[in-house]
Amino acid sequence: MLELLSWQRPEDDFIKLDIESSSLGNPGRAGFEGLIHHREGLFVVGFTGFAGFGCKLLPELMALKKHGLLLAWERGYRRILCDSDSMDAIWLVTAGIDYEFHKFGALLVDIRDLLKRDWLVKLHHTYL
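In terms of our numbering, the sequence shown has 110 at position 110, counting the first letter as 1, and numbering is strictly consecutive.
Where hints are given, some of them may not hold.
[Claimed, not checked] Here are the computed lysine-lysine pairs in the DSSO-like style, where the Cα-Cα straight-line distance is at most 27 Å:
{"#": "1", "residue 1": "K103", "residue 2": "K66"}
{"#": "2", "residue 1": "K66", "residue 2": "K122"}
{"#": "3", "residue 1": "K66", "residue 2": "K116"}
{"#": "4", "residue 1": "K116", "residue 2": "K103"}
{"#": "5", "residue 1": "K103", "residue 2": "K122"}
[Claimed, not checked] FRET-style restraints, in silico, Cβ to Cβ:
{"#": "6", "residue 1": "D85", "residue 2": "E40", "range": "21 to 29 Å"}
{"#": "7", "residue 1": "D88", "residue 2": "F47", "range": "19 to 27 Å"}
{"#": "8", "residue 1": "Q8", "residue 2": "G46", "range": "14 to 22 Å"}
{"#": "9", "residue 1": "L42", "residue 2": "D98", "range": "39 to 47 Å"}
Source of the hints: derived by calculation from the structure; they are not laboratory data.
What you are looking at is a predicted structure, and each value in this text was computed from that prediction instead of being measured.
C-beta atoms are modelled at their ideal positions from N, C-alpha and C, and glycine is treated no differently.
Please model the entire structure based on the sequences and the hints provided.
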């Protein structure tokens with residue numbers, strides 16, 4: 001069965017944050033990219049970054065926090081739909097677990113604190 005994938009318009013008054021990460025090996029050299037666009041699909045801003053040497057999860061979390069959510073907040077957006085193809089990243093951020101001993105615990109706590117701000121952020125898993 002062939003399934004066509006296409007960009008999905010966010011709900012009214014939402015902007016879209018799409019994040020992606022990759023690593024050359026697992027672990028390996030890792031990086032991330034993302035973009036923010038309006039409901040109509042108009043490009044607002046994009047970003048890329050190098051996450052060092054590690055697994056694919058670290059750059060996905062870095063893209064979510066440092067470049068995605070913080071960038072959206074600084075630009076005044078308060079209703080965000082964030083698409084990520086990393087179910088692990090979404091689960092770790094949204095699960096009510098203690099991160100004290102997780103290797104990315106500090107980053108996960110920072111993301112959870114960002115999500116507690118006065119805004120609405122919806123995390124959505126995309127299937128690629």
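Against the structure, the hints:
1. K103 / K66: Cα-Cα ~17 Å, so holds.
2. K66 / K122: Holds. K66 to K122 sits at ~17 Å (cutoff 27 Å).
3. K66 / K116: 16 Å, holds
4. K116 / K103: 22 Å, holds
5. K103 / K122: Measuring from Cα to Cα gives roughly 25 Å; hence the hint holds.
6. D85 / E40: 21 to 29 Å: 23 Å, holds
7. D88 / F47: 19 to 27 Å: 21 Å, holds
8. Q8 / G46: 14 to 22 Å: Holds, since Q8 and G46 (Cβ atoms, about 18 Å apart) stay within the stated range.
9. L42 / D98: 39 to 47 Å: 41 Å, holds
Checked against the numbered hints given earlier, this structure breaks none of them.
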